[in-house]
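Q: Sequence:
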Amino acid sequence: MKYVFQFLRILAFCFLGEVLHSLLPLPVPASIYGLALLLASLRMGLVRLEQIKETAGFLTAVFPLLFLPGAVGIMDLGSLLAEIWLPAALAVVLVTVLVMAAAGWAAQAVIRRKEARRG
1 MKYVFQFLRI LAFCFLGEVL HSLLPLPVPA SIYGLALLLA SLRMGLVRLE
51 QIKETAGFLT AVFPLLFLPG AVGIMDLGSL LAEIWLPAAL AVVLVTVLVM
101 AAAGWAAQAV IRRKEARRG
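Residue numbering for the sequence shown follows our numbering, beginning at 1 and increasing consecutively.
No wet-lab data here; the hints were simulated from the structure. A portion of the hints provided could be inaccurate.
Here are the simulated distance ranges between beta carbons [unchecked claim]: (1) R113 - L11: 30 to 36 Å; (2) L66 - R113: 27 to 33 Å; (3) V28 - V99: 32 to 38 Å; (4) P64 - A88: 20 to 26 Å; (5) I74 - A101: 20 to 26 Å; (6) W105 - F15: 21 to 27 Å; (7) L65 - E115: 33 to 39 Å; (8) I32 - A71: 19 to 25 Å; (9) V95 - M44: 32 to 38 Å.
The structure displayed is predicted, hence computed values, not measured ones. Think of the CB as a built atom: it goes at the ideal place given N, C-alpha and C, for glycine as much as any other residue.
Construct the entire structure; sequences and hints are all you get.
A: Structure (C-alpha cells):
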C-alpha cells in the first residue's frame, strides 16, 4: 500500500504539471512543470524524499523500457530514414555530444559547489 501512496504523490505532481501547461502560454512540456514542482516541494520540505523514494527508484529503473515504443516507431519509418540517413545520423551524433558535454559541465559545477561549501 505504501507504493500506491508514493505513486499517487508523484502522479499528483504530474497532474499539476498538466494543469500549469494548460494555463500558462509557455512552450514548456507538462512533464517539466511537474518535475519542477516536485523538485521545489522536495527542496522546501513539503514532500520528504522518504515519501516517494522507493517508487521513484522503481520508475527510474524501468525508464529505459519506455523508449521501446519510440524505437519501434522509428523502425516503421525505415524507408523514410533511408533517404535522409546522413543528416539524421549527424543530428543524432551532434545532439548526443552536446547532451554529454552539458551533463559533464553540470556535474562538475555541482561537485565544485559541494567542495566550496565544505571548504
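Q: Are the hints correct? Go through all of them and say.
A: Right, here's what the structure says about each hint:
1. Evaluation of the 30 to 36 Å hint for R113 and L11 yields a pass: the beta carbon distance comes to about 32 Å.
2. Distance hint for L66 and R113: a CB-CB separation of about 31 Å, consistent with the stated range 27 to 33 Å.
3. At roughly 19 Å, the beta carbons of V28 and V99 sit outside the given window of 32 to 38 Å.
4. Between P64 and A88 the C-beta distance comes to about 22 Å, which sits within the given range of 20 to 26 Å.
5. One distance hint, 20 to 26 Å for the beta-carbon pair I74 and A101, holds here, with the actual separation near 24 Å.
6. A hinted range of 21 to 27 Å for the beta carbons of W105 and F15 is inconsistent with their spacing of about 33 Å.
7. Restraint check, L65 to E115: a C-beta distance of roughly 36 Å satisfies the suggested window 33 to 39 Å.
8. A beta carbon spacing of about 23 Å between I32 and A71 agrees with the range 19 to 25 Å that was offered as a hint.
9. Take V95 and M44: their Cβ atoms lie about 34 Å apart, and the range 32 to 38 Å holds.
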